[in-house]
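A.B. asks: Residue numbers (my numbering), protein chains in the order written: chain A, 95 to 315; chain B, 36 to 231.
Honestly, the hints are just simulated from the structure, not real lab data.
Ideal Cβ positions, reconstructed from N, Cα and C, are used throughout, including at glycine.
Interface residues of chain B toward chain A, partial, derived using beta-carbon atoms under 8 Å:
id, residue
1, A53
2, V66
3, E69
4, R79
5, A82
6, G84
7, V144
8, A158
9, A191
Below are the chains, spelled out letter by letter.
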Amino acid sequence: MPKDPPPELSPLLSAQDSDTRDRAWSKFLERYSQLLLRTTRSYGCDYDTMMDRYQFVLAALQEDDFKRLRSYKVHGRSTFRGWLVVVSRRLCSDYDRSQYGRRSRASDTDAPERERSARRKLVNLAGVNLDVGLLAERSPSNPERTLRETELTEALEVVMRSLEPRDQLLLTLRFEDGLSVRQVADVMRYPSVFHVYRELKRVLRQVREELANRGVSDAAP
Amino acid sequence: MIPHLKGDDMHPDTVDIAAYVEGRLSGTEQVSLEAHLTHCVECRDQATGAATLLRGDARRRRWVAGGVAVAAAAVIVLFVSLPVEQDGPVPDVMRDGPSVEGLASVEAVQPDPDQPVHPDSVAFAWRTVASDALYQLSVTDGAGGAVWETTTAETAVHPPADTFESDQRYLWYVDALLPDGNVASTGVKEFRTGTR
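Just chain A, same shape as in the assembly (with noise of 0.2 Å):
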């Protein structure tokens, strides 16, 4: 558990003059560069790009007299260093937004779809016989096959709501966020690939039972 700040932050949040400040803030870029560089080389984007965005959060942290690097607090529940990666990523998001708009993985518009296909992905690792209609599009033609859908969905919304939250979030990272085994590893904190094959296989077990015991098992019309 880490009792004191990192020794390049109390001399910079400490400083009485420029010279002393300028000289302590050059020490923290000394040690935090390159993980500042990393994260806003994580958005993508050009060179140019990366590095306006870099000067952003550097900007950002100096911003206020360093109101932001004042606010982190030691404690236990987090070290500086990660504490900095994930203010240094939302710095990096309100750039993005600031100069595209607002930046997501899929836009407002395509989100339906995106859970759609997400739940289309569950149901069927889920092993859930589906009959090939269910997957066209909606159409005022096909009145049963829209209800059964919708009922189909319903049943799965009902089923991923009883989940425990780390079951639920398994599944979300993986079906509707598109992460790799080895991502989700990373994210859930799992030993190894191993056991997030073994929880995918477990929940989407819990899946099909629930669906079952809510006369889901074969949605052909």
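Position chain B relative to chain A; hints supplied.
C.D. replies: Coordinates of chain B only, in the frame set by chain A:
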């Protein structure tokens, strides 16, 4: 408001997201934050990106000069190829790899050295070292004879069927070639197969 977490009514505090990706939240706090992440794309994006950066950063800080690591890897290969008594104990230097100070390491996860594994169910897994690392897995029999080898960017592999025989001891190790040319290794590990 998410119970047990600070921050505004909509999103958890930066500290909490950082603590989550570092595995420092209590059980209750973790449950609360995971419940939020399931429904919040923005916070999920932050957590996913932070986890990727921090995992890679942690491995990067264990890197050593390429020359030392390459020499150490060569030593590992040399030890493995020396004849080893079939049923004798594995010397510590082979079991854990040479203790070169500062040698970058790859953490082996599977197979469990203490539990015999069905010869058709053998699988190898190790922890990620860097996002662009390339891994070479080598498996030998107890005498150091080559059994199977593969190169992969993944951190888990299944050997082909019939690779292993029943009731045998095997040795294995993974060498990681890192993006900057450095090398990391699990050191030599061992496992035993059970009966078909």
